[in-house]
Amino acid sequence: MLYSTFYLGDTQMAVPIPCILEIGRSFKFHPVRGAPEVIDGIINLRGKVVTIVNLGLAFEEIKIEPSDESRILIFKNNSELNEVADSDTVMETAPDNIGIHVDRISDVIRVESEELQAVPSNMVHPFYKHVVRRGDSFIIILEPSKILNLHETPDHLS
Amino acid sequence: MSEAKNIKFNIYNPIITYEHRAAYDMIVSHLQEIFPICNQGKCKALEVSDDPQKQKQINDLMEKVEFFSNSLITITKVFFDQLYRAKQTSSQSISQSTAMIKIDMIERNLLERTCDVRWWALEKAFWQCITLSNNSKSNGKAKSSTNSNNKALKEAVELACTRLEDIRNSYTLYRDLVIADTNGVIIANSNSDRRSEVIGMNVADEEWFKKALETKDGTEYFVQDVSDSKLEDMDALIYSTALRSNGDEQGDVIGAMGVLFDFQGESQIILNDYLPKDQNDQTLEGWFSFFTNKEGKVICSSDETFISSGEITDLPRNHRNLTKAGEAIVSTGSVCGNRSLIVSHKSKGFDEYKGLEWTSHLVLPESAMFERSDTNENFGISPQELMNSKLIPEKNQQTYREIQRNKGDIQLISINGIILATDLGKAGTSFIPIFDQITTTGNSTTGKMEELLSEMSSDMLEQNLKALENFSKQAVDLIDRNLFERAADVRWWSTDHAFWEALQEGSEENFEQAAKRLGIINASYTMYRDLVIADSNGRIVANSKSENRDKLKRMNVSEQSWFRQGMQISRSVQFGVQDVCDSELENEETSLIYCGGVLEEGQREGKVLGVLGIFFDWENLVFPILEGCLPRIKGEVVEGGAAFYVNDEHKVIATTDSENFKIGQVVKLPSENLNLDAGESASGIFTANEKKYIIGSSKTQGYREYQGLGWTAHVVRPID
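Residue numbers (our numbering), protein chains in the order written: chain A, 15 to 172; chain B, 13 to 732.
Bound conformation, chain B alone (with noise of 0.2 Å):
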């Protein structure tokens, strides 16, 4: 075997375990004891009989049972090198994309953000408030301030303060949200409980302030780096851009926006995600994930203790100095104390958002990667059709063939040798208990070693079923997480006085209002196709695309399940959603339609006067995420994986091979993978389309205020 000479096995190495220890001790010394055996073969071939042909026989038998001895020694050590190494490379793979998954996780998070906040700054009553604040002060400087002036910014200030509150109450990822003038006095704030702290501030002197007045235009946004601000007693994540003249993406600044992201918050759900708990719920020793900033400063760890925002924590240099892009590096070391596998993942950023070049972090105990699972659930697969199957790469299954052989060939030598002691008859009986020893150290040796191989074959097995629930789990988080936004969004743009006042009005006027007001939602945010607003009779009113006004025009949805359920919206924090499903509404195409109701007067709690809907594009957003969840091997799609979502009524809405797993089947699932609770997850093994495939499974459990709609997201390879 010319692996034999890259074996890096060493018996002393502290990370094999107690078990292979005693197994590989066992094996070496029986095979070890077969050679007194054969020499004393070889001498009573000389006492038994004078024909030196049988001699001969009886030589050359003895000869290939050392000969196959000493090919197992070898092969044994080429074995315990092969089984280490699968279960570091594959525990390795499993670490690097749960890294990768965290990053990814943040970052399709920090994208939505800067939506927002450009978003946001265009309304009118912000704008509007900081004019009537920077009037205010012009004329304070002419000392021609009036009461009734003071009044108006009075009442300014308070809307914009409930108009921020809205946000906050829509947009629950928010600690606060603030409105300055170009002096940097906060003017108005989201956050009731620190109003009084807040507002009147300057913040002039901070970068995020300074930088949202460089923005050039409204499409410009600045986001400063978690770091310390006096708007709050943490260090903040703030996204800022520029307040301009009468809500004009190109009109003058006349002040800023900051929001608050809600950063620890976030980071530490996406960090504990993941991490093996004990029964009591907690990280299990030596586990950390944490994320670093450009500088390699902690900005968040799932264990404070040891790992503290604001340090440069104590991993090896290379690991804190990635500068690519998307990469990643794996290696051991010592973290806290205890030898570890690192793993570091570098944002890759998301689409065009380059993101802030932080780094994800995943740290566990070295020993981790080879330990076995109590539940050794064999889900109905021999380890002989598991060591053949696709799971098992190929080298080690050239081990398997190999061990076999030579199980194969001491059996045969020993029976020859039995044969030939018979023939020696009287004489020769002497022999048999040699031949038989010799089968039995064969036996027993090969034997252990195909258990260490069954061993081998179903920790790949567990491990591929954990990979493969961690990206079922990605599946239904990225969706859930996506699915929270638009929940957001459209809870706040039904609150959006274009569509209220249109609603109230009737006027075609208002209606035109309406609709360019739904336009430029539709051209800041690319998710969409379309957005709706229907009257309380069910008859659409406006919609943001020109292309689709005429035909939308002679429609009436006051039948459809979004409208139905948007009519009982009497509060502003409700929102509707029908499922995946085909819409006369789109052509051709499966919708995901969310809704909101347009309350009287903008009110928070009140008469609903129609409904906002806004059509999700499900198949173009819905396809990279499950596409981004496929199991891969050195980054390579695995031949024949596939990912798809279920609804409630297990049927397929979304799927990225609609040859084998087609929208509106229902695909025949082992029954653990098809009942899952709320935020569980499965694994197993099923046969389709004649195929033996392994399943991991996660049902959705929502997001914050979006509760799911009982999907389950499944993620399968054949391995046959």
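Chain A with its partners taken away, still in its complex shape (with noise of 0.2 Å):
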């Protein structure tokens, strides 16, 4: 399957490619009254109105400003990625469409199922799903699910 990755500080992450909706350079964040810290606001895209995660809050690290390589990855909800066509791997993402705000992004890699590797257990965290070595170095394959579901992520996002 392939991934698309992208940075949080030093640390390369990835998320499956039928999970996501569109990668976006720069969009006008609404800000939400009373909203969690973690949420950079919400956005239009197209119509649809999008809730933009901070991934560096998400992580209790230090909030990510936009810039000129900060990039917003938006996912499918859950019906849309239902629809994708030929999608044989079970996936889920959140009822609805959710974005991720992160440093920057890299490339688009393919990874076999055979290359994940569990998460290591002193380096556990609710949003990491999978290890994949790539080289000398490591990407985190994270769980959308779990970041962009706000009930079920850790106590201080509620």
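Worth flagging that the hints you see were computed from the coordinates, not collected in a lab. The structure displayed is predicted, hence computed values, not measured ones. Be aware that one or more of the hints could be misleading.
[Claimed, not checked] Here are the computed lysine-lysine pairs in the DSS-like style, where the Cα-Cα straight-line distance is at most 25 Å:
id, chain 1, residue 1, chain 2, residue 2
1, A, K62, B, K76
2, B, K360, B, K646
3, B, K68, A, K62
4, B, K76, A, K42
Two chains, each in its own frame: build the complex with the hints.
So this is what it looks like as structure tokens:
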């Protein structure tokens, strides 16, 4: 399967391509009063309302500020994901379109299923699904549904 | 990009290097390949999906790719244009300042010569000798000349020759010094090798002589521009003034003094400086440096075979006819068969000295502006950091950002294309190689451009470092040359009859006379704060400034370095110097004190009677030198730029920035810049006061007999 990779600080992460609806450069965030701090705001994507999660804050790290390199990965909602042709893998995102704000994007990589390794026990995190080795470095495969379903995310997000 | 309209870049221009031509071809051909790929994508969209929305999305993506490819082709041209212009501008600016440094260096030297000749003409041995000679001639006409008169004249001529030799020994910049009577007959000279030819020669028809007789008083002098003189086989630059009765500045004219400056020798040093050399220390082909006089004739050249003295060069007319003082012109043209960059800088004189309206020319191969040096040291600065530094002009940074943005856009389009293709399921897989290709091409072209940008930024760094090195070399050369003059001054003045007579006789009247003499010297030369004579016990017995007299008379200097050095001197060609320090002799000032031994009977070698100390007006004279060596852009000093000298303990002894590089401070600099050998230069990057600076440093190599004091000049500019 193809994965879109991106960075949070120096850590390279990836999500499956079929889950993504679109990747965008800069959107105007509309702030939402009363929303959790991890939410950058909402955006209007061709008539769709999309909530943007700041991945830096979601990991309780430094907030990602919009820059020339920062990008928004917008995920398909569950029903859009189900419509995707030839989807032979069971995947889940969220009932609504949600995006994540990342530091910068990188290459698209093809990962065979046998390359997916379990997350080592000393670095378990609710958002981590697998780890993939590429040369000397590792890429963390995220579980989109965990990031995107805010009610299931750690306590501080609620 | 509006700038695209002004592009002068042409891939067929011979100045474009082979590597750049290849890179340009590679970028443009790769970008051109994207268009058929996009067409292929548009066709495939119709094949793989019936959904008009999906087809439109793919078409839109392909069009976007085409748009960015076109835009990258334009940026490539703009970029190459900027790359070459940036190198050209930077090279031209360095060449222009080099041409200026050279003319400035010679003018400062010539200014000193104007002081010298006026002062020497007051020497007792000269006017006494001419007076005796004139008397002997008038007596001769009256046919009552006596043997004793002849003997006295002979002795006076010998003494005059000795004193002229003493001057030449102290100031090694002269080939000869002569004195002539009012008829133009040479009576005495300094160069013993030429004495038999020169003495008795009649120079009445030479301009320097005629004009010297026309000077109104002792403050006037004449200079005969480089030309023929029967005094020498080669062209001479002669300074002259009148000798006056009793050495009185207002006295009657009794003869003339002419001093023949070693113009060719001095100019050769200056002209050959700053020219790049090969391993055998030979100047590289196509590099020339020469001076022309106001008629446009070459008066000295770094390469007499190709550009010979006495000839009008084949420079473009506008380089030959500079009229305004300080005017400069830079252009390209053919010189000695080479396509060259030609820089001409007309003298602006120095202070009130107008100079001889000479022009300094620097010629270098046009291709040299764009050559890369073999040493690509990065000084620990990343290309990114360099690209965003102040060294890179804003418009080049804009291009960099635009390339980055385009790179980002192409990447985004490719990934979105892959997302779209994935959504099409199996049918969409045929798109993936297309988007992969787009990503690869986008990455390789923008990557190549980033490489070139990084090349440009490292070239800019290198050129800026070179410029700072040149400025630091200029700073150290100027101070060395200036201090050489001080060393020459103190050696010559120490031999003055008023001083040894005073120390030998020890009477108040003699001390008064010595003080008066010191006062005259100080009034003629503006670079001293005071001049003092100390007897062998370290007691100050005379000084030039009456207002300091009471304070100094109570002072004993026997423990001071300059005095102790002076008391060790036994030959008139020796001198001593006390490095810059606080001295109790002067209030709240740092002093630089030169000393000479006053020897018995004014002999060249003998017992030391006391010491002459001369206090250089350090702060006032050194500051303009440093200020003149600050890095500039279009004539304006670069913000935060600074120049300072450090002594051999690395302590700052003079500075243009007393806030960041304080007097007495030891600035933490890279070791390459600190531990230089004599005459060596280096450049580098360092951090001070939370700022990143680039730095050029040069260590003194002395000048002629002046060995230097181990000082180093540093010139810095912040880059972030």
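Hint consistency between K76(B) and K42(A) [alpha-carbon to alpha-carbon, up to 25 Å]: holds (21 Å)
Given pair status - K62(A), K68(B), alpha carbons within 25 Å: It holds: about 19 Å lies between the C-alpha atoms, which stays within 25 Å.
Pair hint K360(B) and K646(B), alpha-carbon separation not exceeding 25 Å: This hinted pair holds, its Cα atoms lying about 17 Å apart.
Proposed proximity, K76(B) with K62(A) (alpha carbon, max 25 Å): Status holds; Cα separation ~23 Å.
Checked against the numbered hints given earlier, the structure satisfies every one of them.
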